[in-house]
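Peer 1: Could you put the whole structure together from the sequences, leaning on the hints where they help?
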Amino acid sequence: MKKFAVIASALCMLAAPLAGIAASPEQDLKDFRKYFTSRFSDVPLQDFTNGVYSIDKASREQWEAFEDFPPYEIYVDKGETLFNTPFANGKTYASCFPKAESGMRQDYPYFDKSRKEVITIELAINECREKNGEKPLKYKTGAVAHLSAYISYKSRGKKGAVNVVDTPESIQWYERGKKHFYAKRGQLNMSCADCHYYNAGNKVRADILSPALGHTSHFPVYRNKWSLASKSGDGMGTLHRRYGGCNKQVRAKPFKAQSAEYRALEYFHTYMSNGLVLNGPGVRK
Amino acid sequence: MNTNRRSFIKSSAAAGALGVAVSAGLITPRAVMAAWPKAAFEATDVGAAVKGSFGSDAMTESGDIALKAPEIAENGAVVPITITSKIAGTEAISILIPKNPTPLTATFNMGSGAAGFVSTRVKMSKTSDVLVVVKAGGKLYSSKKEVKVTIGGCGG
Amino acid sequence: MAKSIKVRAKVKDGETVVKALISHAMETGVRKDKKTGKKIPAHFIQEVTCNHNGNTVLTADWGTAISKNPYLSFKFSGAKAGDTLKMSWVDNKGESDSVEAKIK
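Chains B, C and S are the protein sequences, given in the same order.
Residue 202 in the numbering used here sits at position 202 of the first sequence, with consecutive numbering throughout.
Residue 65 in the numbering used here sits at position 65 of the second sequence, with consecutive numbering throughout.
Residue 47 in the numbering used here sits at position 47 of the third sequence, with consecutive numbering throughout.
Note that these hints are calculated values from the structure, not bench results.
Using N, Cα and C, we set each Cβ at its ideal position, and we do this for glycine too.
For the chain S half of the interface with chain B, some residues (derived, Cβ under 10 Å), not all of them:
#	residue
1	SER4
2	LYS19
3	ALA20
4	LEU21
5	ILE22
6	SER23
7	HIS24
8	ARG31
9	LEU72
10	SER73
Only some residues are given here: those of chain C computed to face chain B with a beta carbon under 8 Å:
#	residue
11	PRO70
12	GLU71
13	ILE72
14	GLU74
15	ASN75
16	ALA77
17	VAL78
18	PRO80
19	THR150
Peer 2: Here it is as structure tokens:
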């Protein structure tokens, strides 16, 4: 990948998403937001974090019925227990995440300048475990999703605050994620943007396509569909689980959860929802 | 399945007295309840299911039963249903899904002070009416609403 | 056994609204395990009971068509804040759980 010189955002206004030279992330964010708030002009900005339910009344009613006592609460509880259960060495996750109780998700994912890579919550959870002599967890379901659910729950009310513009390397990761979002892939030759940007609000069979603005705010997510696939009814899944599912749906080979590609995508994707109030975990179909 | 339960004929008087015994820890809930109505739950047609639950399948449609259910279910495995019965003396509310392999889904028996209100989430195998039967004053009343169940596209 | 029932009970103007979320597979017995091809045995809650001050407030008979991780809400009068509500369930395998919650 080419290294891009970072030009002050006021000067660089190229809009074409697939062009080699990028508009600045701040301008991308502004344009992204403007596109969705214009497309769905009667949806208040903060409501975009409710996805499809912000743009479709009928499904919103069902979702509100779920939110009356949402199934993810079972897994937030499990996550809380896991968070507070000491490792074999006596320490707990709090030693790695001192801010968890007061809300930390708004800072994730973040670009680690010394390691020159994007760190996500799930990656950080496993690094905490390995640092304390524990085996890593699988990245898409189960314990990592429960821990992530607890962390998200404690972070409700905080505004997404992913930082991108610091260094050339962080811009690179951002650009890689942005490229993934707009690139066509798979046998169906579709990009994330084809559904969630250009066709947000339209239907694919019986489903309404959710706007990408506000996408990441409610993760990890309890999906009714995933709960059916789980013997115990555990419908929790991480963002990378969903990325894999979406790639598969356009018949593209999915990347591995926590691969550089998905972390880059998460970086871009989450940054686009900066300023929106976090409301995870969420319940979806 | 546990076959050691004693059978009691359910009546509101019996439920009260037995309820005291339950909370005193003298009798476990399993022994108190009439045995789980297996025949009603395994019945494949609505009439047999209602008869198995209430002893009769003679129902009158009533506008005093508010049934809230989505027109199109987002996911047929979890369909939120809310029932409010304004019929005085509502003793029991039963939910049936005629197009399910076995229509009887649940029966709720109102105890002391309980309102004719219940909300839950049900599984529907395909588009079907949701049929609600209310028992009040020895009679059966009904209300129904169709819920469409589709195959999802990418979210489903 | 870890508590499988989460209950919230609030009283207002003499009426208590109870909401419960139960962690249970509610397996119908009709589905097949994708890996083995064998049917996953039925495992579902059959009876739910709710008591207050020695009175049975609600009993429910459930079949397999109640959703996984079932939700239940009902209302009753005659309780006041600080009272205890008890909810219990029994499933087809004879397993059970119960919980006590304060009415707020």
